[in-house]
Amino acid sequence: RAEARALLGAGLEIDPDWSSPHHRLGLMAFEDGDAAEALTRWAAALERDPDNGPLADRVDFLRGDEDDPDRQLMPSAQDIEAALARATEMEIDPGAHSVLVLDDEVTTVQQDGSSLRRITQVHLAVTTDGRDDLILNRVPGNARILEAYSVGPEGERQEASSIRGGTIRFRGLEVGSRVVLQYVFHAQPPPFLPNHFVSSWLFQGPQRQLGVARWVVQVPAGRELATHVQGPVEHRVERGETHDTHLFTATGVPPLQPEPAMPPMRDVLAMVTLSTLTDWQQYVDWERALLSEVFESNRQLRQLAQRLTEGAETPAAKLDAIYRYVAQEIRYQQDYEDTIAGVRPHSCPVVLERGYGDCKDKAVLMILLGREVGLDIRFAILRTTNAGAVRRAVPNQQFNHAIVYVPQQDGIDEARFMDPTTDLLDAGNLRADDQGATSLVLDPDSGAWEFVDIPYQPAEMTYFSCDVDVSVTGAEQATADARCRGRGSMASAFRRIMRNEESASQLRQNLAQGIFQGSAVTGHSVAHAEDADAPLELNLELDASAALQPQGEERRLRVPSPFNLGRVTRLERRRLPLRLGVPDSARWEVTFEAPSGGRVVRTPEDFTIEHACFRVSRTTVTRGRRATVSIDYRRTCAEVSAEDYPELRRLAQRAQNQLQADVVIRP
Numbered sequence: 042r043a044e045a046r047a048l049l050g051a052g053l054e055i056d057p058d059w060s061s062p063h064h065r066l067g068l069m070a071f072e073d074g075d076a077a078e079a080l081t082r083w084a085a086a087l088e089r090d091p092d093n094g095p096l097a098d099r100v101d102f103l104r105g106d107e108d109d110p111d112r113q114l115m116p117s118a119q120d121i122e123a124a125l126a127r128a129t130e131m132e133i134d135p136g137a138h139s140v141l142v143l144d145d146e147v148t149t150v151q152q153d154g155s156s157l158r159r160i161t162q163v164h165l166a167v168t169t170d171g172r173d174d175l176i177l178n179r180v181p182g183n184a185r186i187l188e189a190y191s192v193g194p195e196g197e198r199q200e201a202s203s204i205r206g207g208t209i210r211f212r213g214l215e216v217g218s219r220v221v222l223q224y225v226f227h228a229q230p231p232p233f234l235p236n237h238f239v240s241s242w243l244f245q246g247p248q249r250q251l252g253v254a255r256w257v258v259q260v261p262a263g264r265e266l267a268t269h270v271q272g273p274v275e276h277r278v279e280r281g282e283t284h285d286t287h288l289f290t291a292t293g294v295p296p297l298q299p300e301p302a303m304p305p306m307r308d309v310l311a312m313v314t315l316s317t318l319t320d321w322q323q324y325v326d327w328e329r330a331l332l333s334e335v336f337e338s339n340r341q342l343r344q345l346a347q348r349l350t351e352g353a354e355t356p357a358a359k360l361d362a363i364y365r366y367v368a369q370e371i372r373y374q375q376d377y378e379d380t381i382a383g384v385r386p387h388s389c390p391v392v393l394e395r396g397y398g399d400c401k402d403k404a405v406l407m408i409l410l411g412r413e414v415g416l417d418i419r420f421a422i423l424r425t426t427n428a429g430a431v432r433r434a435v436p437n438q439q440f441n442h443a444i445v446y447v448p449q450q451d452g453i454d455e456a457r458f459m460d461p462t463t464d465l466l467d468a469g470n471l472r473a474d475d476q477g478a479t480s481l482v483l484d485p486d487s488g489a490w491e492f493v494d495i496p497y498q499p500a501e502m503t504y505f506s507c508d509v510d511v512s513v514t515g516a517e518q519a520t521a522d523a524r525c526r527g528r529g530s531m532a533s534a535f536r537r538i539m540r541n542e543e544s545a546s547q548l549r550q551n552l553a554q555g556i557f558q559g560s561a562v563t564g565h566s567v568a569h570a571e572d573a574d575a576p577l578e579l580n581l582e583l584d585a586s587a588a589l590q591p592q593g594e595e596r597r598l599r600v601p602s603p604f605n606l607g608r609v610t611r612l613e614r615r616r617l618p619l620r621l622g623v624p625d626s627a628r629w630e631v632t633f634e635a636p637s638g639g640r641v642v643r644t645p646e647d648f649t650i651e652h653a654c655f656r657v658s659r660t661t662v663t664r665g666r667r668a669t670v671s672i673d674y675r676r677t678c679a680e681v682s683a684e685d686y687p688e689l690r691r692l693a694q695r696a697q698n699q700l701q702a703d704v705v706i707r708p
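This note's numbering numbers the first residue of the sequence shown as 42 and each following residue consecutively.
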């Protein structure tokens, strides 16, 4: 730092009118906590660069200029007092831990995408959990705190006990306490898409009720904003000579109550997302610039492509060979995912030399290897379904994953997405959180691009099925042989677990418990544990004696069931959709054999239950001492709305109850 100061000082000696050294020295002083020196340096820089809007904001920020007309937009002391009074009279929603009585922000956006943000909040603690959440509050480290105090249930006022490094703490809070925060900070431009502003603002919170909320966004006059409004939020625009003002308001928004298997929070909370980027073409141009130097080839890469596809007689076979190599031989390892490194891939020679890469590294390597053997493979970016939907109305960098798209071409009859980040996922299966997402597909050469919705794969592509032979050899003895096959996400997880023998042993024990409660593994074998070209096969030999339930001279055995919709439909009602994920299927065939001289005296009844979302059936065939119970299950939907949930639940619970059945044997 001393050397940097010396060099910047030398620059000023060469050119005293140069603003940048003053600007940078001010940044260093501010980092060191010397606000006075920072103000002196930035004021000097502003004198030399008077059109620098963000710099002017910083100077005003440090001066604390009460006459700044922008500051007049913030709620006044009287407004805060009125909010404190309202807090004692509000009707509290039964799902609220806290109430954000007043939530106000005024954001002034500069041409370079930076912004000056002025926040005013009045919180009310409704429960002990809500009180605990208000004890510690985090604000940006460069924030200038204007107000930070609490008001107890009896009206006693107390300043924050600690303000340090962006952390504000309050002591002595109780249920019924109110907390007031008011602060100003300067937000740097986003690390992506230079000179553009992108931001989101929540008008709702999990278990947090909202009283009155206002987000005022000022942008330079004539600069358009792409907006996505979700929930009960009103939007109004006022045009001015220097600024256009966008006003977003909402009142009386109830808290969001989280539910099991709900969509991502981002998709259900009331919120507004903004971007000064209004055309996806601009985003694509930026993305192409990131890819402009990564497709560098060399002799090693060309030889690798030829070696991988040697003997492959069709384009589809070449594609599969390249995919298997990138997916399995190039390890999936994230590397410096923040700032620009999170979106710009490494060049293909670097990825190959390192032997690892993140999603975009693996994608560009697969594209280049495909080029070397004449395949058309394109770059595809998406937002995985567990992170929420893409806001197509608001162009910006909102993607968190990169895969490849293979269009229809000679020798490849059907277009497909392929994800080379998968580890031992069955060939042909797409990662679960890719399915159902929206992808921006880009041809790096031509610049052509399009949004393509990634379809869910058929239920038959994801399954776990078992054939189980049960032999009851006596009144207290039973054995079982289970031959299970799996494909899809569960099979991939099992393969990875089985790389460690102790973990594999625990997996076998857990699977045995799922077949027959209390059973023990006496033998096992596995096939295709490291081969994703065929379904995983896992065979277990079990001592199932503990599963025999005495009933006089008879013995009962519970029939294993692959049905899991009963577990996720326990709630009587839902306010939010039920997210079920990738469609799946299963078939379990369990054969029970009585000992010599014994017989099967009772078996479950046949039934079929059908819904628009699933079908489950059970059939039983008895021949002599043997009874075979077959259960077929198929789920085709990925999500069920709150309106359709009651009927799904009714049939799923009926199926769950009917599947809780026994086979009764008289030994």
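In short, the hints are calculated from the structure, not lab data. Do not rely on the hints blindly, as some may be mistaken.
[To be verified] Taking CB as the label site, the calculated pair distances span:
(1) E370 x E337: 12 to 22 Å
(2) V391 x A679: 36 to 46 Å
(3) V391 x Q699: 34 to 44 Å
(4) F492 x D454: 16 to 26 Å
(5) D454 x R667: 58 to 68 Å
(6) S61 x R395: 31 to 41 Å
(7) E571 x D326: 39 to 49 Å
(8) E334 x D173: 15 to 25 Å
(9) E265 x L331: 36 to 46 Å
(10) D326 x L53: 50 to 60 Å
(11) I133 x E370: 30 to 40 Å
(12) L331 x E370: 41 to 51 Å
(13) N427 x Q374: 54 to 64 Å
(14) E684 x Q449: 54 to 64 Å
Here the structure is a predicted model, which means the values were calculated and not measured. The beta-carbon is built from N, C-alpha and C at its ideal position, and this holds for glycine as well.
Hint-by-hint comparison with the structure:
no. : hint                    : result
1   : E370 x E337: 12 to 22 Å : holds, 20 Å
2   : V391 x A679: 36 to 46 Å : holds, 37 Å
3   : V391 x Q699: 34 to 44 Å : violated, 58 Å
4   : F492 x D454: 16 to 26 Å : holds, 23 Å
5   : D454 x R667: 58 to 68 Å : violated, 45 Å
6   : S61 x R395: 31 to 41 Å  : holds, 36 Å
7   : E571 x D326: 39 to 49 Å : holds, 43 Å
8   : E334 x D173: 15 to 25 Å : violated, 50 Å
9   : E265 x L331: 36 to 46 Å : violated, 25 Å
10  : D326 x L53: 50 to 60 Å  : violated, 37 Å
11  : I133 x E370: 30 to 40 Å : violated, 58 Å
12  : L331 x E370: 41 to 51 Å : violated, 25 Å
13  : N427 x Q374: 54 to 64 Å : violated, 20 Å
14  : E684 x Q449: 54 to 64 Å : violated, 38 Å
Violated hints, in rising order: 3, 5, 8, 9, 10, 11, 12, 13 and 14; the structure is consistent with all others.
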